[in-house]
Amino acid sequence: MRSYYQRQAGFTLLELLMAMGVFAIAAVALANAINQISLSVAESAEEAAVREQLRGVLLEVTRNNDLAEGSRTIDNGQGIIFQIDIEKLNLRNRQAETLEDIYEVTAMARRELGGQRSEIVERADTWVFKGMFGNR
Amino acid sequence: MKSSFSVWQPPKASKGFTLLEMMLSIGVFLLLVVSAFSIVGATTELMTEVSETQERSLLRQRFITACRNSFEAATSKSSLEFEYFDRGGSVQDTYLTLTKAPGAFDFGSNREDHITHVVLASEIRSDGLIRSGVYYLNDADYELAKTTGFKDLEASYIELVPRMRQMTWRFYDEQRSEWVPTLDGDFNAYLIELTIQTLEDSQPLRTVFFCLNGA
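Protein chains in written order, with the numbering used here: chain A, 1 to 136; chain B, 1 to 215.
Just so you know, the hints here were simulated from the structure itself, not pulled from any lab data. We treat Cβ as the ideally placed atom computed from N, Cα and C, and that holds for glycine. Be aware that one or more of the hints could be misleading.
Unchecked claim - Only pairs whose alpha carbons sit at most 30 Å apart, straight line, appear in this in silico DSSO-like list of lysine-lysine:
| # | chain 1 | residue 1 | chain 2 | residue 2 |
| --- | --- | --- | --- | --- |
| 1 | A | K130 | B | K146 |
| 2 | B | K146 | B | K77 |
| 3 | B | K100 | B | K77 |
| 4 | A | K130 | A | K88 |
| 5 | B | K151 | B | K100 |
| 6 | A | K130 | B | K151 |
Unchecked claim - Residues from chain A shown here face chain B by an in silico Cβ test under 7 Å; the list is partial:
| # | residue |
| --- | --- |
| 7 | V41 |
| 8 | A45 |
| 9 | R63 |
Said to hold, decoys possible - Quick list of the computed label-pair ranges, beta carbon to beta carbon:
| # | chain 1 | residue 1 | chain 2 | residue 2 | range |
| --- | --- | --- | --- | --- | --- |
| 10 | B | Q61 | A | N35 | 18 to 28 Å |
| 11 | A | L91 | B | T43 | 30 to 40 Å |
| 12 | B | K151 | A | L30 | 54 to 64 Å |
| 13 | A | G70 | B | F107 | 38 to 48 Å |
| 14 | B | R56 | A | D66 | 30 to 40 Å |
| 15 | A | E87 | B | F85 | 21 to 31 Å |
| 16 | B | G88 | A | A27 | 54 to 64 Å |
| 17 | B | E143 | A | L91 | 25 to 35 Å |
| 18 | A | S38 | B | I26 | 27 to 37 Å |
| 19 | A | V28 | B | D86 | 48 to 58 Å |
| 20 | A | R123 | B | K151 | 42 to 52 Å |
| 21 | B | S35 | A | R123 | 41 to 51 Å |
| 22 | A | T106 | B | T182 | 29 to 39 Å |
The following block holds chain A by itself, in its conformation from the complex (with noise of 0.2 Å):
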C-alpha cells in the first residue's frame, strides 16, 4: 500500500488553480478598496468646493436688497446647478399679529447627471429678515 505522503509530493493543477483564484479575488478587492478610498477623497473636495459656492450663491440672494418670493436658478457652468426657492413665512408672534418681511430661503445643488435626471449634492436653507441688511 503507498502511504498518504508518497501521493501528496506534488500540487495538483486543480489546487494550484484554487489557491491563485483566492489570491486573485484578495488582490481584486484590494485595489477596488484603494480605488474607492482616492474617489471618496475627489468627491468629498468636489463636495467642499460645491458647498463653498452654494454659500456664496446663499449669501448673495439673502444679503439682497431685491428679495422676493420666486424661484431661479444659477449654472455655474461645471455641471452643477444651483436652485433657490424664495418662500415669504407666515409667522405670527403672541398678539396675533403677523410678522412681515420674514422669507424662507432655500438653496440647492444639483449635478446634472444627463437626460433629465440629476443628483441633490448639498442643500442649504435659511430665514432672512428682508428689514435686516435694507435701507442701506
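Fit chain B to the given chain A structure using the hints.
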C-alpha cells in the same frame, strides 16, 4: 540465509526537488514578491496623492475662510479700496485694501495699532502664475504704495497662496444691479465676489462675501 551485510545505496531520487520544481517555486515566489511590492508601492503613491489633494483643498478653504472672516471683521469705521495695475502680464495685479479693520487677516494675533491698512494682493509672478498674500501697512506706507503702484514694498508680508491660475474680484453695484470688476465710481459694495483657481484645481471656484461695513 540472508546476509547481515548490505551494500550502500544512494538515496532515492524522490527525496529532493527536481530542477524544474525549484525553478517553478522560485518563479511563483518572485511573482508574489513583485505583486506585493507593486501593491505596497501603489498604495503609498495613492496615499500621498490623497493627502496632497486634501492639503490643497484645505489651503483653498483656509484662504476663503480668512477672507470671509476679514470682511466680516470690518467695523463701521472700516473702508474698502481697490487698486489695480497693468504690469504687462495676462492679468492685472490687484490690491484690495481694508482700512481700519482691526481683525482683518490678523490670524488671531493682536496687530499693532499703527497698521491701519491691510492689503490683500494678487500679483503675477515671473512664471505667469499668480501669488496672493497680505501686506500690512501704516498710513504713510500706504500713501507711498499707492503712488509707486505697490512696487517694491518694504512692509510685513504674509504669503497666503503661492501659486494660482486665477484670482479675480468683482463687486456688486446695487444701483445698476450688476457685478462690476472695480470699485471705480465710488459706490458702496456690500457683496464681494471672489473667483479663484489654484494651480491644482481643475475648475475655478466662485464665492461671495458680505461686507456690511466695508463700503
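Which numbered hints fail: 1, 6, 11, 15 and 17
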